[in-house]
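Colleague: Respectively, the protein sequence lines represent chains A and B.
If you count the first sequence from 1, position 37 lands on 456 in the numbering used here, and the numbers rise without skipping.
If you count the second sequence from 1, position 76 lands on 58 in the numbering used here, and the numbers rise without skipping.
Certain hints may be false.
Restraint ranges, calculated between C-beta atoms of paired labels, are given here [what the hints assert, rightly or not]:
#1 A:Gly481 x B:Ser(-11): 33 to 41 Å
#2 A:Arg528 x B:Glu27: 14 to 22 Å
#3 B:Gly36 x A:Thr532: 47 to 55 Å
#4 B:Lys24 x A:Ile431: 17 to 25 Å
#5 B:Glu27 x A:Thr457: 16 to 24 Å
Stretch-level coverage of chain B by chain A, calculated; a stretch enters the list once three of its residues show a Cβ under 8 Å from a Cβ in chain A [as the list claims (entries may be wrong)]:
#6 23 to 29
#7 77 to 83
For lysine-lysine, the following DSSO-like pairs were computed, each having C-alpha atoms within a straight-line distance of at most 27 Å [as the list claims (entries may be wrong)]:
#8 B:Lys51 x A:Lys476
#9 B:Lys60 x B:Lys40
#10 B:Lys60 x B:Lys87
#11 B:Lys24 x B:Lys60
#12 B:Lys40 x B:Lys51
#13 B:Lys24 x A:Lys476
#14 B:Lys24 x A:Lys432
#15 B:Lys24 x B:Lys51
#16 B:Lys24 x B:Lys41
In short, the hints are calculated from the structure, not lab data.
Fair warning: this is a prediction, and the values are worked out from it, not measured in the lab.
Every residue, glycine too, gets a C-beta built ideally from N, C-alpha and C.
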Amino acid sequence: KAGVTQTPRYLIKTRGQQVTLSCSPISGHRSVSWYQQTPGQGLQFLFEYFSETQRNKGNFPGRFSGRQFSNSRSEMNVSTLELGDSALYLCASSLHRDSGEQYFGPGTRLTVT
Amino acid sequence: ILNVEQSPQSLHVQEGDSTNFTCSFPSSNFYALHWYRWETAKSPEALFVMTLNGDEKKKGRISATLNTKEGYSYLYIKGSQPEDSATYLCAPDMRFGAGTRLTVKP
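For reference, chain A alone in the conformation it holds in the complex (with noise of 0.2 Å):
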């Protein structure tokens, strides 16, 4: 069973640029989350999509928006860059909400500059 994709793997974008992430879940699962991985902040909760919906939100601006299509995969849209966009971004995927065991993506590393 291949394992959660992400794409493009790494990102060089300049400030006010947008940007849109992509992650393909693991075939069947169909709750896809989103995080940010910074040296300071750790690990952060983007968002979780199950069944097209958003279910969850943390606490980031409205600048990071995502969505779910039918076949589970997921983008993530980050418009108007900053500096301190520049992270980690992983996905996960699990095949149940919240009490589902998640597994993750390599991740996209997106530098802003």
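Here the structure of chain A is known, so what remains is to put chain B in place on it, guided by the hints.
Modeller: Just chain B, lined up with the frame of chain A:
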């Protein structure tokens, strides 16, 4: 927003030592707590999902307990091996602690 604290921040032990870490969180409105193992340059790996007060889970030499009433979970590693070196993260209701970084010296 849950305030999740993990202690200690880092730990250095000798191969063969047993060790344990603590994850503390506010005990109200709790649903599920996840433990993860995160090795450098890899993705976090799920260890346990715990939902019930008094839950005890075990996987090989690693085990965990959960006390939702007092808001803590313990992770135990018996007979640590160098390959156990990693950061161990707990996440009650998807809110991650800063982790405990374990280094096991051969």
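Colleague: Does each hint fit the structure? Answer for all of them.
Modeller: The hints, checked one at a time:
Restraint check, A:Gly481 to B:Ser(-11): a C-beta distance of roughly 34 Å satisfies the suggested window 33 to 41 Å. Between A:Arg528 and B:Glu27 the beta carbons are some 19 Å apart, a value that agrees with the proposed interval 14 to 22 Å. Look at B:Gly36 against A:Thr532: about 50 Å separates their beta carbons, and that is inside 47 to 55 Å. For the hinted restraint 17 to 25 Å between B:Lys24 and A:Ile431, the CB-CB distance of approximately 23 Å keeps it satisfied.
B:Glu27 and A:Thr457 have their C-beta atoms about 20 Å apart, which keeps the hinted 16 to 24 Å range intact. Counting residues of the region 23 to 29 of chain B whose C-beta lies closer than 8 Å to any C-beta of chain A gives 4; at least three are required, and the coverage claim holds. Under the rule that three or more residues need a Cβ within less than 8 Å of chain A, the assignment of the region 77 to 83 of chain B holds, with 5 such residues. Between B:Lys51 and A:Lys476 the CA atoms are separated by roughly 25 Å; this keeps the pair inside 27 Å, and the hint holds.
With a C-alpha separation of about 11 Å, the suggested pair B:Lys60 and B:Lys40 falls inside the 27 Å cut-off, and the hint holds. Taken as a hint, the B:Lys60 and B:Lys87 pair is honoured in the structure, with Cα atoms around 15 Å apart against an allowance of 27 Å. A C-alpha spacing of about 23 Å is found between B:Lys24 and B:Lys60, which places the hinted pair at or below 27 Å, so the restraint holds. Restraint check for B:Lys40 and B:Lys51: satisfied, since their Cα atoms lie roughly 21 Å apart, inside the 27 Å limit.
Of the supplied pair hints, the one linking B:Lys24 and A:Lys476 holds, its CA atoms being roughly 25 Å apart against a limit of 27 Å. Straight-line distance between C-alpha atoms of B:Lys24 and A:Lys432 comes to about 24 Å, which keeps the hinted pair within the 27 Å bound. Restraint check for B:Lys24 and B:Lys51: the C-alpha separation of about 34 Å exceeds 27 Å, so the hint is violated. Between the alpha carbons of B:Lys24 and B:Lys41 the distance comes to roughly 20 Å, so the proposed pair stays at or under 27 Å and holds.
Violated hint: 15 only; the structure is consistent with all others.
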